[in-house]
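Visitor: For reference, the chains in residue letters:
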Amino acid sequence: MPHLEIHNLTVSYEKNQPTLEQFSLDVEQGELLSLLGPSGCGKTTTLRSVAGFIRPDAGQILINDRDYTQLPPNRRDIGLVFQSYALFPHLTVFNNVAFGLRMRRIPKKEIHDRVTNALEMVGLDAFTKRRPAQLSGGQQQRVALARATVIEPQVLLLDEPLSNLDAKLRVDMRQEIRRLQQQLGITTLYVTHDQVEAMSISDRVVVMNQGKIEQIGTPESIFAAPETVFVADFMGFDNHFNAAVVSVQDRKLTVDWGGAPIELRWRSKFGSPQRGARAEIFFRADNASLLAGPEASGLVGQVILHTFHGNELRYLVETEIGEFSIMQDSASERFEPGAAVTVQPQPQKWIAIFEETEPYA
Amino acid sequence: MVSRWMYISLVILYGFLLGPFVIIFMASFGANATMAFPPQGFTLDWFARVFETSQFVDSFWISLQLALLSTIVSLVMGMPVAYALVRFQFAASGLVETVFSAPILVPGLVIGFAMLNFFVLLGKMPVMTGLFIGHTAILFPYSVRVISASLRNLDPYVEDAAVSLGANRLRGFLLVVLPNMQAGIAAAFVLGFITSFNNVPVSLFLSGPGVTTLPVSMLSYMEYYFDPTIAALSTLLVAFTVVLVQTAERVLGLSQFV
Chain A
1 MPHLEIHNLT VSYEKNQPTL EQFSLDVEQG ELLSLLGPSG CGKTTTLRSV
51 AGFIRPDAGQ ILINDRDYTQ LPPNRRDIGL VFQSYALFPH LTVFNNVAFG
101 LRMRRIPKKE IHDRVTNALE MVGLDAFTKR RPAQLSGGQQ QRVALARATV
151 IEPQVLLLDE PLSNLDAKLR VDMRQEIRRL QQQLGITTLY VTHDQVEAMS
201 ISDRVVVMNQ GKIEQIGTPE SIFAAPETVF VADFMGFDNH FNAAVVSVQD
251 RKLTVDWGGA PIELRWRSKF GSPQRGARAE IFFRADNASL LAGPEASGLV
301 GQVILHTFHG NELRYLVETE IGEFSIMQDS ASERFEPGAA VTVQPQPQKW
351 IAIFEETEPY A
Chain B
1001 MVSRWMYISL VILYGFLLGP FVIIFMASFG ANATMAFPPQ GFTLDWFARV
1051 FETSQFVDSF WISLQLALLS TIVSLVMGMP VAYALVRFQF AASGLVETVF
1101 SAPILVPGLV IGFAMLNFFV LLGKMPVMTG LFIGHTAILF PYSVRVISAS
1151 LRNLDPYVED AAVSLGANRL RGFLLVVLPN MQAGIAAAFV LGFITSFNNV
1201 PVSLFLSGPG VTTLPVSMLS YMEYYFDPTI AALSTLLVAF TVVLVQTAER
1251 VLGLSQFV
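Line by line, the protein sequences give chains A and B. Taking this note's numbering, the leading residue of the first sequence gets 1, the next gets one more, and so forth. Taking this note's numbering, the leading residue of the second sequence gets 1001, the next gets one more, and so forth.
Please keep in mind that the hints were generated in silico from the structure rather than gathered at the bench. Even glycine gets a Cβ: it sits at the ideal position worked out from N, Cα and C. Errors might be hidden in some of the hints.
[Claimed, not checked] Heads up, simulated SDA-like pairs for lysine to any residue below, C-alpha to C-alpha not over 25 Å straight-line: (1) A:Lys212 <-> A:Gln60; (2) A:Lys15 <-> A:Arg48; (3) A:Lys109 <-> B:Leu1175; (4) A:Lys108 <-> B:Leu1174; (5) A:Lys129 <-> B:Glu1159; (6) A:Lys15 <-> B:Ala1091; (7) A:Lys212 <-> A:Asp57.
[Said to hold, decoys possible] Pair ranges (Cβ atoms, derived): (8) A:Gly137 <-> B:Glu1249: 26 to 36 Å; (9) B:Ser1093 <-> A:Glu152: 33 to 43 Å; (10) B:Leu1244 <-> A:Gly137: 58 to 68 Å; (11) B:Pro1020 <-> A:Gly137: 49 to 59 Å; (12) A:Asn164 <-> B:Val1106: 35 to 45 Å; (13) B:Ile1104 <-> A:Asn95: 33 to 43 Å; (14) A:Gly185 <-> B:Gln1246: 55 to 65 Å; (15) A:Asp67 <-> B:Gln1246: 53 to 63 Å; (16) A:Asn164 <-> B:Glu1249: 27 to 37 Å; (17) A:His309 <-> B:Arg1004: 51 to 61 Å; (18) A:Lys212 <-> B:Phe1173: 35 to 45 Å; (19) A:Lys109 <-> B:Leu1244: 44 to 54 Å.
Let the hints inform the model, and build the full structure from the sequences given.
Guide: So this is what it looks like as structure tokens:
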């Protein structure tokens, strides 16, 4: 039985414009599940509905098989971590963390022990008497984590917890959150718009778009095999082009690539594609390479520009079927703008996606 | 060249601002029977006279009561308005804000005259009640503004955080929002108190027989007498206000709210 269940949740701020529509999701005990999507996709609305700050128009929220839908937010037993941390500025670190325990009328001695323990877990046991304004952003985030987890909530909700930190600290805090979550074995919903963050921290990722789920899966499966054009785009598939299907096997199909056939995987919501259908094909910049000069077989193109990215050079190459962005090791042979090149595919990592009804044609 | 001209104009500016006060200050220690400058001799008699003049003492207590009462009431009324304006977006919030700041925009004399007609002539209200309502009305927008400013500095999500930790809405407000409004409320209190205590135009219309505020009784005193008592009283009032504002600035950082 899933620990947290969301059934057919519908939320609309404006009439007939649902932010969430018939949204369903199961989260297992101890799982960290990310809601990933662009702003306005409904991920924060989902989180705030679980926390009880939004009354859904329809649907149910169950935790441990108990109906939470009508329960007010202060009786939900949920830990919440905000993007802005939302620490209480007039209280010390200790009293910030103790707040939830005091609301629960826990005996003083036990409050002291639990707060001390929680602050030790986030490495802030030396800072109990400070005020939030005297702490760095990362430290404030740790206090917010301690405050949300010390009450031993049923579910932990994190709303873009790392967006206000700088890039390096973000990577550290990511690991910190994951470690704490696994130590406590706490069921967690994590909202983010950053795909790298979602990939690195989650057991499963839900990619959301316009109030609906585009795809659910492990980070690996979503990274390697997006099921929709939106997910492919959001997951950093830099390149796409359109090609006619030459033939279809069981799990693979063949298309033409500059006169040579290439075989690649396909995804479709509408059954098997037919011969002659148009396929939308996606690949990442590092899943193709460049060879000097026009080759006999392969797609020929011309280098337009290159940009430097440390270990890699990113080339923009113009071909007859479109412009492609291709990464090359910066130690390898360098092509200057205007150079003729052949684009060498690695089709085993490419994917063809059918979203329209076209494959039946 | 620029800096020298700026320096000179600054001196002139401050000369105009502070000069009259320096004259009043010096005149309040002079021994002449009428106000004169430069004063001759030195005496503290005029200060003693201030405390002997029952007109001043009575109206001081009235001003004090009035300032305290109307400031407190305007704060109590201003708090929920400020809270609503800062926390909620509603269709008419711009209009509401304009209406609530009207007493700042309308000239004091107009407010005083309008209230005279409404409260005293039409409503037959006791003088003190009229004064109290009038002062509360002019202080109210200041309360709303200063408290709003302190609320805008507070992360709106702290309330949600308190609620998610088990506090109901009211406790969340009392335990988390209110303590963080303290400085703003105190600042609004000091500002309101000074505004009411020094107000002339509204008090002028709403004062009545035997019930007069200090500034108004100073005005009427000067119609008959021109001795340095009024200068001594002015000096005392300036000292009172400066001490109040300085204390508030030291303790609360008043200037960040105004």
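Visitor: All hints, please: hold or fail.
Guide: Results of checking the hints against the structure:
1. This hinted pair checks out: Lys212 of chain A and Gln60 of chain A have alpha carbons roughly 16 Å apart, not beyond 25 Å.
2. Straight-line distance between C-alpha atoms of Lys15 of chain A and Arg48 of chain A comes to about 19 Å, which keeps the hinted pair within the 25 Å bound.
3. This hinted pair checks out: Lys109 of chain A and Leu1175 of chain B have alpha carbons roughly 22 Å apart, not beyond 25 Å.
4. Between Lys108 of chain A and Leu1174 of chain B the alpha-carbon distance is near 21 Å, which keeps this suggested pair within the 25 Å criterion.
5. With a C-alpha separation of about 22 Å, the suggested pair Lys129 of chain A and Glu1159 of chain B falls inside the 25 Å cut-off, and the hint holds.
6. A threshold of 25 Å between alpha carbons decides the hint, and for Lys15 of chain A with Ala1091 of chain B the separation of about 16 Å falls inside it, so the pair holds.
7. For the proposed pair Lys212 of chain A and Asp57 of chain A, the alpha carbon gap of about 16 Å is at most 25 Å, so the pair holds.
8. Between Gly137 of chain A and Glu1249 of chain B the C-beta distance comes to about 31 Å, which sits within the given range of 26 to 36 Å.
9. A beta carbon spacing of about 40 Å between Ser1093 of chain B and Glu152 of chain A agrees with the range 33 to 43 Å that was offered as a hint.
10. Leu1244 of chain B and Gly137 of chain A have their C-beta atoms about 39 Å apart, which leaves the hinted 58 to 68 Å range violated.
11. Under the hint 49 to 59 Å, the C-beta atoms of Pro1020 of chain B and Gly137 of chain A, about 52 Å apart, fit the expected range.
12. Between Asn164 of chain A and Val1106 of chain B the beta carbons are some 44 Å apart, a value that agrees with the proposed interval 35 to 45 Å.
13. Distance hint check: the CB atoms of Ile1104 of chain B and Asn95 of chain A are about 39 Å apart, consistent with the given range 33 to 43 Å.
14. The hinted window of 55 to 65 Å between Gly185 of chain A and Gln1246 of chain B holds, with their beta carbons roughly 57 Å apart.
15. Taking 53 to 63 Å as the suggested C-beta distance range, the pair Asp67 of chain A and Gln1246 of chain B conforms, at roughly 59 Å.
16. The hinted range of 27 to 37 Å is satisfied by Asn164 of chain A and Glu1249 of chain B, whose Cβ atoms lie roughly 32 Å apart.
17. With their beta carbons about 57 Å apart, His309 of chain A and Arg1004 of chain B fall inside the hinted range of 51 to 61 Å.
18. For Lys212 of chain A and Phe1173 of chain B, the Cβ-Cβ distance of about 36 Å falls inside the hinted range of 35 to 45 Å, so the restraint holds.
19. Checked against the hint of 44 to 54 Å, the pair Lys109 of chain A and Leu1244 of chain B passes, with Cβ atoms roughly 46 Å apart.
Hint compliance for this structure: hint 10 is the single one not met.
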